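Using the sequences and the accompanying hints, generate a full structural model.
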Amino acid sequence: DYCSEMEVERRNLPFEIDGLVIKVDELSYREQLGNTSKSPRWAIAYKFAPDQAITTVDAITVQVGRTGALTPVAELRPVSLAGSVIARATLHNEDNVRNKDIRIGDQVVIQKAGDVIPEVDHVVFEKRSGNEVVFQMPKRCPVCDEPTFRIEGEAVTKCLNMACPAQVFRKLVHFTSRDAMNIEGLGPGVLRLLMDDQLVSNPVDIYHLDQKRAQLITLEKLGEKSVDNLLAGIEAS
Numbered sequence: 027d028y029c030s031e032m033e034v035e036r037r038n039l040p041f042e043i044d045g046l047v048i049k050v051d052e053l054s055y056r057e058q059l060g061n062t063s064k065s066p067r068w069a070i071a072y073k074f075a076p077d078q079a080i081t082t083v084d085a086i087t088v089q090v091g092r093t094g095a096l097t098p099v100a101e102l103r104p105v106s107l108a109g110s111v112i113a114r115a116t117l118h119n120e121d122n123v124r125n126k127d128i129r130i131g132d133q134v135v136i137q138k139a140g141d142v143i144p145e146v147d148h149v150v151f152e153k154r155s156g157n158e159v160v161f162q163m164p165k166r167c168p169v170c171d172e173p174t175f176r177i178e179g180e181a182v183t184k185c186l187n188m189a190c191p192a193q194v195f196r197k198l199v200h201f202t203s204r205d206a207m208n209i210e211g212l213g214p215g216v217l218r219l220l221m222d223d224q225l226v227s228n229p230v231d232i233y234h235l236d237q238k239r240a241q242l243i244t245l246e247k248l249g250e251k252s253v254d255n256l257l258a259g260i261e262a263s
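Under the numbering used here, think of the first position of the sequence shown as 27, with each following residue one higher.
There could be a bad hint or two in this list.
Claimed, not checked - What follows is a list of derived Cβ distance ranges for each label pair:
| id | residue 1 | residue 2 | range |
| --- | --- | --- | --- |
| 1 | Ile-43 | Thr-93 | 33 to 39 Å |
| 2 | Asp-236 | Tyr-28 | 33 to 39 Å |
| 3 | Ser-227 | Tyr-28 | 54 to 60 Å |
To be verified - BS3-like mimics (lysine-lysine), calculated; alpha carbons at most 27 Å apart, straight line:
| id | residue 1 | residue 2 |
| --- | --- | --- |
| 4 | Lys-153 | Lys-165 |
| 5 | Lys-138 | Lys-153 |
| 6 | Lys-138 | Lys-73 |
| 7 | Lys-165 | Lys-64 |
| 8 | Lys-197 | Lys-247 |
| 9 | Lys-197 | Lys-165 |
It should be emphasised that the hints constitute simulated quantities derived from the structure, not laboratory data.
Note that this is a predicted model, so its numbers are computed, not measured.
In this text, a Cβ means the ideal position worked out from N, Cα and C, and glycines have one as well.
This is how it looks when you write it as structure tokens:
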């Protein structure tokens, strides 16, 4: 009863919550119950159903990832949801779009998966006008214009051109990220700047940037201090 009550009351709180934690109240019982390697046996999380909102799919664009996977993305009419304004949501793959019958122009119900990642839950079919457009996965990569390919039995359509600029960029973003080489000061924005000025096209180029300090300082959005911090981050990696 309390969980149901709080699921409604959460909207009146001055902060965001995504659930409750139910605990054994008697401390001696907690000691007897103990813990697993990951969590206490005397407590359990109760997650609320995610908040939802209705908006319109204005377009479906396609992103190219570092492995060449093409991911359809719903470009949404901006709507406020769970404390943030949502304007985009991944549609994962072509099969997901087909199974949910998501079309350009549809009104859809969106939510945050795990209260974090925006996703299209379902289409509001009764609001269809008949002018909606069926999405087609491109036969050619939207970035490099090379043919795309889908292996039979798999959900993912791929660009097989390993020199595709989108793939190169995403691979470099991954290479420099916290989970990989963890290069401080070399985020996606700076990487895009360096690639646009043809200073970086592969991981090896990153480790020769110390020879191009004078050129780096002249780039828009980069000053001497930013460049020195960037070179120090590269050296530390």
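Taking the hints in turn, this is what the structure says about them:
no.	hint	verdict
1	Ile-43 x Thr-93: 33 to 39 Å	36 Å, holds
2	Asp-236 x Tyr-28: 33 to 39 Å	60 Å, violated
3	Ser-227 x Tyr-28: 54 to 60 Å	58 Å, holds
4	Lys-153 x Lys-165	30 Å, violated
5	Lys-138 x Lys-153	22 Å, holds
6	Lys-138 x Lys-73	13 Å, holds
7	Lys-165 x Lys-64	46 Å, violated
8	Lys-197 x Lys-247	23 Å, holds
9	Lys-197 x Lys-165	23 Å, holds
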